[in-house]
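Chains as they are written, first to last, in my numbering: chain A, 1 to 266; chain B, 1 to 266.
These are calculated hints, taken from the structure and not from any lab test.
Please note: incorrect hints may appear among the correct ones.
[Stated by the list, open to error] Selected chain A positions facing chain B (in silico; Cβ < 10 Å):
hint, residue
1, Arg-18
2, Glu-135
3, Leu-146
4, Ala-151
5, Glu-224
6, Ile-253
7, Trp-261
Every residue gets a Cβ at the ideal spot worked out from N, C-alpha and C, and that includes glycine.
Protein chains: 2
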Amino acid sequence: MNVLIDGHRGRQIPCDDRGFLYGESVFETIAFGDGEAPLWPLHMARLARGGAQLRLPLPETEILARECRQLLPARGRFVVRITLSAGSGGRGYWPEENTRPRRVVSYRAWPDQIDQQRRCGLRLRLSTISLCTAEPLLGLKHGNRLAQVSAARECQDSGHDEAVLLDSAGQIMEAISSNLVLVLGDRLVTHPRPAVAGVGLDWLRAEAGMDFLPLALPVGRLSECSEVLVINSVAGVRPVIAIDQHRFPIGPICRHLQSLWNAQLI
Amino acid sequence: MNVLIDGHRGRQIPCDDRGFLYGESVFETIAFGDGEAPLWPLHMARLARGGAQLRLPLPETEILARECRQLLPARGRFVVRITLSAGSGGRGYWPEENTRPRRVVSYRAWPDQIDQQRRCGLRLRLSTISLCTAEPLLGLKHGNRLAQVSAARECQDSGHDEAVLLDSAGQIMEAISSNLVLVLGDRLVTHPRPAVAGVGLDWLRAEAGMDFLPLALPVGRLSECSEVLVINSVAGVRPVIAIDQHRFPIGPICRHLQSLWNAQLI
Chain A
1 MNVLIDGHRG
11 RQIPCDDRGF
21 LYGESVFETI
31 AFGDGEAPLW
41 PLHMARLARG
51 GAQLRLPLPE
61 TEILARECRQ
71 LLPARGRFVV
81 RITLSAGSGG
91 RGYWPEENTR
101 PRRVVSYRAW
111 PDQIDQQRRC
121 GLRLRLSTIS
131 LCTAEPLLGL
141 KHGNRLAQVS
151 AARECQDSGH
161 DEAVLLDSAG
171 QIMEAISSNL
181 VLVLGDRLVT
191 HPRPAVAGVG
201 LDWLRAEAGM
211 DFLPLALPVG
221 RLSECSEVLV
231 INSVAGVRPV
241 IAIDQHRFPI
251 GPICRHLQSL
261 WNAQLI
Chain B
1 MNVLIDGHRG
11 RQIPCDDRGF
21 LYGESVFETI
31 AFGDGEAPLW
41 PLHMARLARG
51 GAQLRLPLPE
61 TEILARECRQ
71 LLPARGRFVV
81 RITLSAGSGG
91 RGYWPEENTR
101 PRRVVSYRAW
111 PDQIDQQRRC
121 GLRLRLSTIS
131 LCTAEPLLGL
141 KHGNRLAQVS
151 AARECQDSGH
161 DEAVLLDSAG
171 QIMEAISSNL
181 VLVLGDRLVT
191 HPRPAVAGVG
201 LDWLRAEAGM
211 DFLPLALPVG
221 RLSECSEVLV
231 INSVAGVRPV
241 IAIDQHRFPI
251 GPICRHLQSL
261 WNAQLI
């Protein structure tokens, strides 16, 4: 593990870190190719939103960028994780009045399965885990991720690649580690209040001019979808070929979004 | 900080611990007096429920008991925290197939304010943070506690001791670190689906024979309550003297429950 903790090489944090005690943290998982992260500004924007909401003073993004350069090999694809936790201190749930956050920057190898999944697609299940749209920190990439971990364990049990998580009203909300996009007629539909506001979707919206219709669909309408996609900032655009008994083709929308992605991103 | 990590003195954990990355952990906060924890069996029962749900294999409770004895001074009151995290490993949200949990046992001084709060009561506010009753891990004391931390920060801002958190339907659910009990006529009312199933309430129910009516009350009915109490396993039974503009007396029910508590607990 190659890690910088508050700028120093190391791999240990104090066990009174509030990220460990309460999941009081925000993080970003960022794709790097040959030392460059094309989605960097969007990741930094989301980190800033989360930091502001959790009142974690953010380090200068230039410091974070420098630490990534310091850690990463010059060539190859890697996934960097930047975690900003609330650090040590406070009294139980009551945080320190002046939070001194702890930052952890680490990276790991590019996941083997991404390229193959981009080509051949993923098999999903409907998760028994639902997500709460009333959650006040909805949309932020914070450190409270037990819903996603539980849904991932279900997938391991049943041999699926990913899962569809519903909102409390039984509507299609999100995959475990990706936003879900449903192709319904000529519209690209995605949940209006995602659990994690996806940087990959942001880029397709802002830079590639794609128009997503914010709409929560009941799960019964899956059969009307001509394509289903999962999108996240690292794995990019991947086709969904099955959700339980429903089958979906790898269609022209998927291949179009992938060509936009591949032209500029990793 | 006096800490045992997997049985060894230390204060650092690896920064790839899944408790740190995702809040993938369960924990207990346990009152000890002169080396004894009267609520120990109830804490161990909740830890076992949480561990089973999160698939964290539990250490023998005798090991945990021995580690508490090893750490704690023989005399005085202390608060022990036992954390069981999912340890290192896995691939993003996807956990290790065979989780090897990490256990952290630590203690801190008895909180100064408890004795005074038991006598004189607490001032609460209505939190803007709501809790989700549809959460699949509801009732467990797991490491995803951003709602509680956010509500605690609100209290720091507004100068309140604690807060009332509502459920998604706007009904009275819980305090930040305690269950809430409302005295309505001759009934003791508490939410049927608490975010954390309280060990203090369990004891009052099972050992002291108290009968709690599981009922979710709309916040408008606060004005009908003759007393309001906050109860947790460490601070015991504390009277609530105000929730925003509502005032409550410290009444006979509070003093009765306190006398039951003080006769056998810490």
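Hint numbers the structure violates, sorted upward? Of the numbered hints, 5, 6, 7 do not hold.
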